[in-house]
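Novice: Sequence:
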Amino acid sequence: MVGEPRALDGSGWVAPFALEQVVFGRKPEDGEIQLAWEELAAARDVRFQKGLRILVAVARVPSGSLWAGRFPVPEVRARTVIVAGRDQAFVRRPSLGALSLLKHYWALPGVARRGPDGLRHLAALAAGAERPLAFSAVRWLASIEDAAAATSPEVADLLVDALLQTEGDEPRRRVLLSWIGAARPPALGEALERRLTAHPRPPAVLYLALGHLEGSLGSERTRALLEAADPGLRAAGAAHAGDAELSTLGGLVASDPDADVRAVAAARAAGLAGSSGFEVALRAFEDETPAVRAAAAEAAARSPAFDAERLRQVIFDWPRPAPETAILTLRFAGSREARLALEEVARNHPDPGLQTLARIALGRKTGQH
Numbered sequence: 003m004v005g006e007p008r009a010l011d012g013s014g015w016v017a018p019f020a021l022e023q024v025v026f027g028r029k030p031e032d033g034e035i036q037l038a039w040e041e042l043a044a045a046r047d048v049r050f051q052k053g054l055r056i057l058v059a060v061a062r063v064p065s066g067s068l069w070a071g072r073f074p075v076p077e078v079r080a081r082t083v084i085v086a087g088r089d090q091a092f093v094r095r096p097s098l099g100a101l102s103l104l105k106h107y108w109a110l111p112g113v114a115r116r117g118p119d120g121l122r123h124l125a126a127l128a129a130g131a132e133r134p135l136a137f138s139a140v141r142w143l144a145s146i147e148d149a150a151a152a153t154s155p156e157v158a159d160l161l162v163d164a165l166l167q168t169e170g171d172e173p174r175r176r177v178l179l180s181w182i183g184a185a186r187p188p189a190l191g192e193a194l195e196r197r198l199t200a201h202p203r204p205p206a207v208l209y210l211a212l213g214h215l216e217g218s219l220g221s222e223r224t225r226a227l228l229e230a231a232d233p234g235l236r237a238a239g240a241a242h243a244g245d246a247e248l249s250t251l252g253g254l255v256a257s258d259p260d261a262d263v264r265a266v267a268a269a270r271a272a273g274l275a276g277s278s279g280f281e282v283a284l285r286a287f288e289d290e291t292p293a294v295r296a297a298a299a300e301a302a303a304r305s306p307a308f309d310a311e312r313l314r315q316v317i318f319d320w321p322r323p324a325p326e327t328a329i330l331t332l333r334f335a336g337s338r339e340a341r342l343a344l345e346e347v348a349r350n351h352p353d354p355g356l357q358t359l360a361r362i363a364l365g366r367k368t369g370q371h
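Residue 80 in the working numbering sits at position 78 of the sequence shown; the count goes up by one each step and never skips.
In case anyone wonders, no lab produced these hints; they're calculated from the structure. Glycine included, C-beta positions come from ideal geometry on N, C-alpha and C. Heads up, some of the hints might be wrong.
[Said to hold, decoys possible] Simulated DEER-style distance windows between Cβ atoms:
(1) Glu216 - Gln51: 45 to 55 angstroms
(2) Glu339 - Gly191: 13 to 23 angstroms
(3) Arg46 - Asp232: 19 to 29 angstroms
(4) Glu172 - Val78: 21 to 31 angstroms
(5) Glu172 - Glu229: 23 to 33 angstroms
(6) Gly365 - Ser221: 36 to 46 angstroms
(7) Ala9 - Gly191: 51 to 61 angstroms
(8) Lys52 - Glu77: 35 to 45 angstroms
(9) Ser221 - Ala261: 22 to 32 angstroms
(10) Gly355 - Gly191: 29 to 39 angstroms
(11) Pro111 - Arg176: 26 to 36 angstroms
(12) Arg28 - Ala70: 16 to 26 angstroms
(13) Glu172 - Glu216: 18 to 28 angstroms
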């Protein structure tokens, strides 16, 4: 528990720290330590107030550092620890359940942490711990080699629970879905299907996970999602649509009321093999929402049907904002053909603003030709 904080200088802070338990590592012999950290944003409240209970990863004061200069007396420096992870490795008010899981996890032998027992603990943390700790658990799990083979039905159910907890937490969801798509744990498919069947209104993340796991949702399920009233479900369907749904993707890009759905549909269309998908993605270059245009530009740059000449035509012939988005796409692509197209825009486009933007995309100063 944190004691009364006090400022050391313009950004350094320190507070007495009453140590209740050690999750991993050795407890100091006398138990009396003080916690130090940086507050770089002067307008923000001090992050650790008196009486706050935290779970924190700490490091010793490194010799020869700014911190060592702040604590020149060796005896004081010896009982001072700094917050690890650039002052980010902490969780406010951790639950007793999360602490117990974490302590049991670190008590396992090293090999066991990478096996079924360790995976069960990590999946439980991912499903039920506070957000920073849950995110760390997801990343630990995703880093374990052969984790998919060690995923039991129990762990699979916990992973489904973890997926359901990622609403509003895109980084955690992205890591978890990426791992599912790469590792494809066999036990997860049945757990997802069981939850989809039991849930009266299955959330979109379950469909996304199943699509990542199996590489497809099947045409019937995909079509149903694309026609759903819930934009999250439409986006899930768009994310796994195939060539047969290209015309539907085009309709979503053109007129779906939800910007996220338009962005996902454009990105998926760009990822399909034929040039028709690339053309659908180009239509998003005219979208009123900048985030949709940016998603379309990034996806079009990676498209298997990437066409620098077609983008050059968009830049010269289409009204704004499509030309700016096409220039961004060429910059993302970075290929020889893309650079040649940018060179032509920088030299010959009648709009000085687009000439300047092309020069910036080429890495030149605005006045440099």
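Novice: Could you run down the list of hints and mark each one as holding or not?
Specialist: Verification of the supplied hints:
{"no.": "1", "hint": "Glu216 - Gln51: 45 to 55 angstroms", "verdict": "holds (48 angstroms)"}
{"no.": "2", "hint": "Glu339 - Gly191: 13 to 23 angstroms", "verdict": "violated (41 angstroms)"}
{"no.": "3", "hint": "Arg46 - Asp232: 19 to 29 angstroms", "verdict": "violated (37 angstroms)"}
{"no.": "4", "hint": "Glu172 - Val78: 21 to 31 angstroms", "verdict": "violated (42 angstroms)"}
{"no.": "5", "hint": "Glu172 - Glu229: 23 to 33 angstroms", "verdict": "holds (25 angstroms)"}
{"no.": "6", "hint": "Gly365 - Ser221: 36 to 46 angstroms", "verdict": "holds (44 angstroms)"}
{"no.": "7", "hint": "Ala9 - Gly191: 51 to 61 angstroms", "verdict": "holds (55 angstroms)"}
{"no.": "8", "hint": "Lys52 - Glu77: 35 to 45 angstroms", "verdict": "violated (24 angstroms)"}
{"no.": "9", "hint": "Ser221 - Ala261: 22 to 32 angstroms", "verdict": "holds (26 angstroms)"}
{"no.": "10", "hint": "Gly355 - Gly191: 29 to 39 angstroms", "verdict": "violated (51 angstroms)"}
{"no.": "11", "hint": "Pro111 - Arg176: 26 to 36 angstroms", "verdict": "holds (31 angstroms)"}
{"no.": "12", "hint": "Arg28 - Ala70: 16 to 26 angstroms", "verdict": "holds (21 angstroms)"}
{"no.": "13", "hint": "Glu172 - Glu216: 18 to 28 angstroms", "verdict": "holds (22 angstroms)"}
The structure does not agree with the numbered hints 2, 3, 4, 8 and 10 stated previously, though it agrees with the rest.
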